[in-house]
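There are 4 protein chains.
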Amino acid sequence: MIRFNNDYNHGAHPEILEALSAVNDNSFGGYGEDEWCKKAADLIRERVHCPDAAVHFFPGATQANFIVIASALSSVQSVIAADTGHINCHEAASVENTNHKIQTIPNTDGKITAAQIDACAGAYYEENEPEYYTEPKMVYLSFPTEQGTLYSLEELKAIREVCDKYGMYLFVDGARLGYGLGAVENDISVEDFAALTDVFYFGGTKCGALFGEAVVITSNDLKRRFKAFMKQNGAVLAKGWLLGLQFYTLLENDLYSEITKKADVLAMKIRDAFAKKGITFWVESPTNQQFVILNEKQQEVLGQNYTFEKTGSTPDGVIARFCTSWATTEEEVAQLIGDIEKL
Amino acid sequence: MIRFNNDYNHGAHPEILEALSAVNDNSFGGYGEDEWCKKAADLIRERVHCPDAAVHFFPGATQANFIVIASALSSVQSVIAADTGHINCHEAASVENTNHKIQTIPNTDGKITAAQIDACAGAYYEENEPEYYTEPKMVYLSFPTEQGTLYSLEELKAIREVCDKYGMYLFVDGARLGYGLGAVENDISVEDFAALTDVFYFGGTKCGALFGEAVVITSNDLKRRFKAFMKQNGAVLAKGWLLGLQFYTLLENDLYSEITKKADVLAMKIRDAFAKKGITFWVESPTNQQFVILNEKQQEVLGQNYTFEKTGSTPDGVIARFCTSWATTEEEVAQLIGDIEKL
Amino acid sequence: MIRFNNDYNHGAHPEILEALSAVNDNSFGGYGEDEWCKKAADLIRERVHCPDAAVHFFPGATQANFIVIASALSSVQSVIAADTGHINCHEAASVENTNHKIQTIPNTDGKITAAQIDACAGAYYEENEPEYYTEPKMVYLSFPTEQGTLYSLEELKAIREVCDKYGMYLFVDGARLGYGLGAVENDISVEDFAALTDVFYFGGTKCGALFGEAVVITSNDLKRRFKAFMKQNGAVLAKGWLLGLQFYTLLENDLYSEITKKADVLAMKIRDAFAKKGITFWVESPTNQQFVILNEKQQEVLGQNYTFEKTGSTPDGVIARFCTSWATTEEEVAQLIGDIEKL
Amino acid sequence: MIRFNNDYNHGAHPEILEALSAVNDNSFGGYGEDEWCKKAADLIRERVHCPDAAVHFFPGATQANFIVIASALSSVQSVIAADTGHINCHEAASVENTNHKIQTIPNTDGKITAAQIDACAGAYYEENEPEYYTEPKMVYLSFPTEQGTLYSLEELKAIREVCDKYGMYLFVDGARLGYGLGAVENDISVEDFAALTDVFYFGGTKCGALFGEAVVITSNDLKRRFKAFMKQNGAVLAKGWLLGLQFYTLLENDLYSEITKKADVLAMKIRDAFAKKGITFWVESPTNQQFVILNEKQQEVLGQNYTFEKTGSTPDGVIARFCTSWATTEEEVAQLIGDIEKL
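Protein chains in written order, with the numbering used here: chain B, 4 to 346; chain Z, 4 to 346; chain G, 4 to 346; chain S, 4 to 346.
Isolated chain B, as found in the complex (with noise of 0.2 Å):
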């Protein structure tokens, strides 16, 4: 059985098992003040172009995307947020938990655009009595998103421009950024993320990593006690280099940008089955994600050797999708195309 479930069901990357096993007879300091991290953070800053950038490492996503809201929020202030974004759909109610509202907006292909924002927010500043209101202070997005669309240079300027005519911090999920960035398609630079986002992350755990998430701060509006709420919503991991030495192995020589833009190749060559069979596509997707509407007979064949993850139904059949990842073999995705060739 060959899983192409999700992208989080292989370990790590080679090379990130040799590093950690190279320090394992050193000691270092805790909770993330370590050379490690510090190498880690260094480079990151290096690499966006921004000296000033806080960098804090996360052992998962969702603890990344709820105490990032959570810290740039007060209670009377909401975030903006596809309503299939993952923190309105996946995350069990995170965000509201830390006593935010998220203002939902209808998606199209996993994305919102600037319009929308604008109106959205806009409806606040026009209200009589604003204070009966939570004030629209975050946008929210992932990229790339949850149907594996990318947002254009262009598109993420035009949401820039919302955000500060609305004084609202932008916050990228960037749980696979590798993915997005790796497309053809892709014309956004980790620096365009750095110069044009409030926050984003590097995703470590669906992208190479054992487990990770690599936050990059921007405003200094939110550098101030970030840490405070990373300790107290129990995200400061206590061997912390873990993380850091993972992030150094993955960035230094780019390893990062070469696995998921592999991954992004061997997604292509799936898709490209997919429609030489005619089989139809739930979305156009240019990553690693790729959702097709399989009948029950295809449903039955391909599951005989491969896992997917069904997400949803359609009356031609169900949603299902195929996922590549760092770990994806040439030889795997043959075997699938050779199989989708025959159904």
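Check each hint, because a few of them may be wrong.
Intra- or inter-copy, both count: the list cannot distinguish identical chains.
Computed list of lysine to aspartate or glutamate pairs in EDC-like fashion (alpha-carbon distance at most 20 Å, straight line) [as the list claims (entries may be wrong)]: (1) K168 / E129; (2) K313 / E130; (3) K313 / E132; (4) K265 / D28; (5) K265 / E255.
Bear in mind the hints are in silico, worked out from the structure with no lab data behind them.
Given the structure is predicted, the values throughout are model-derived calculations rather than measurements.
Go by the hints and put chains Z, G and S onto chain B.
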């Protein structure tokens, strides 16, 4: 520089890294629904003689502490703890952040007594208007305590009785459980913990794992929807098998006991060296944490080759904590003892 | 200027002020533990035919709403409501502030259906990993709704069935209960509300009292420690008898029904005048709130002598709310009707 | 039976009821946006010599306390208070329920000192890892304290200096402000409170109003979005003018001072009677709350005609609180004194 400042300054026992490498080419189900978590949970249930226990794996101890408490209590219920309890002192108000008051009791050598707990909880039930106070609903103990001391079986049983008297849950923070179990004077077994508490945990981070804690829930009340609280607070690791596999490795052949007991033995050697030199102890600890009072000269001399943690001060000098851990070697301890003798 | 903008722009029915004056030289027990709260609660239990109901008096409706919800749900449970529900729109995220997600359902004329609720709650139970979502545990309805509309007894019974199917509490916000009970087309009695809901309330602030709401809890689950939640959130008035006495005065000789029914009658006269004039209604309401669409000229003319609330806009003009209340007089309505006729 | 058990057992000063009746036929804007709230706020700003102060009216004191704190602090910031502070003891963990730790300091006669506060706040800034602790950001004082005692102007200034040293807000709970201002030994004026605190309030519920507290905010930081926090927590009364009108009535001709000062004078008479009889005081209080230690016989005799509150016990008897209030009459006090003399 040899680090005796804490018990989380080294990576993991080599068998852990080997186990992680061994499965690195395999793929697994996500979010703790995998074979390693299942095997580790089964093993723990067997060890604690509690076939119905729920076992959940957490990345870290602060998460385990506040999520157990948040899941067990409503906002009008509180947890009783020593004033020195980790949840009261070192976790950035994570418990208050989930809406709960900690009712603190003055400690003696890090411990609180059944009589103190009885008085604290009893006061609530003697109020004319109890609804204006929070209902004490859980007792939190650390084993070993933050000062390295241990509860005896008799003391634990007495506390259990008080909990039963008032319908309170008993929660034991076992971040250093191994070092408590391994102490010569300890008379509590893991079966006792399972039988006498509602929830406790096997600490991994400080006891040989890269990271992770194994929470054991025996109370049926606390089992329901527990994983939703974990997810909501970001404590469900995407690659949950990393935690299951580590605990399986530590517990399968009782490596856990072996390496923590050895650390206790080494700590006793350090204790004897300090005692022989006439250095005053801040507290009598039978476990891996030793607290001595050092004058300036002694700090300076020992500070040349060893890191230790200054946890407070007295008129006679600072309180210095020397920790051994599963990673501490005979050689390191011999060198330290040599230098203590030369003080 | 005559205020038709809302139903809380006058003090209290004269009998209320007389009752307050009559007892002003007496002294009473504090925090709702007094004879008037007891008498009012007994009277309510008798009226709703529910001798075991718990009755609590709140200063205001926002407090009643969020505290009922906070006391009933854990943070991993959510409340289902119409997207137009007061708790979702007009209370500054008070529900999210107590850690709960509101699962909104699209309304039709302010109402939601049993089938919609069934689909919403059912989706949770069909999830493979329900712990990553919040458990729907309560349904919130307003009676009358924010648009003045009413549920029928049949609709309420159907919703109760869905609640029973999924183990959900049913909570009816009765801030304007009197105006619903008094409507000609209404077929639900207070006994029905007590029998079919777990908790509902008699609104006082909008129905003749200076201020106050009487919450009736029939579910045993919800009774326990409820007053602690009230106290914790500042809803226990020191001079609780002020609330008990007001409700006793309103309910003793059924002044409550009399004055709210009269307001409904007056609202129907206004409705008929608008209808006769051919003015479009935004929604058909049988209660004290009437919503019409006025063009600019009409707004200007009516705005000279009357205040009304603009609650939205349509291509044909703004949506204007005209409210009657217990304090509205025949003369005021006659004058308004005269001016409508002249439009 | 004459109630001396507290200062909230009577309705309101007759002028308040008259004022409410006088406007009962008028209509007003909702939610505190009305002429009476404006007039009362203007009057307060004038009295405290602070034309820029924000003034908000709350239904009750528990609401005022926790909402001021919730609006001022983030979840990683804490409030320093006496262990006997009302927020720590009598409000059902309302502060913790809004995610804040209370850092308690041992009281002396209900008070804490600048030196104690300095030590408590200073400890945070001496931590190596301050992010693992909550930042002390506010000091909460009660004036008078829960034991009836008063801070002197010199003490208040010293505390203000410590607040400035560490960037902390100073908040004075004035639920009984009138009784403090009216005490013979008091040397702090309302202008002083406005000048030296960031936020304080005039208590109404215990000082002649039916209900209500007038919160005065002088710190610009705290003014922003304050009303949203009020609304979110249900503290914006729909008929806000009820509160504005009461405070206008109390303050216009300084009825507030007159009636509370008289209560202090009566309390001193009771104090003298107890002293003459050789009865021990638990604490020396110059205000309307007197605490004496009564043996069983004394309790029994005085309990026949008077209610008083038992607030604790000592080896020599219970601690009994006798309160006067704006509603206490000369006759009631004369009768009590007669019975004390007969003890």
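Hints and how they fare:
In this homomeric assembly, K168 and E129 come within 20 Å of each other (Cα to Cα) only inside a single copy, at 14 Å, whereas the closest approach across copies is 40 Å. Taking identical chains as interchangeable, the C-alpha atoms of K313 and E130 lie at most 20 Å apart only when they sit on different chains, with a minimum of 11 Å there against 42 Å within one chain. Proximity of K313 to E132 under the C-alpha cut-off of 20 Å is restricted to the inter-copy arrangement: shortest distance 13 Å between copies versus 44 Å within a copy. Taking the closest pair of Cα atoms, K265 and D28 come within 20 Å of each other only across two copies (18 Å); inside a single copy the shortest separation is 33 Å, beyond that limit.
For a Cα distance limit of 20 Å, the shortest separation of K265 from E255 inside one copy, 18 Å, qualifies, whereas the shortest one across copies, 38 Å, does not.
Going through the hint list in order, the structure satisfies each hint without exception.
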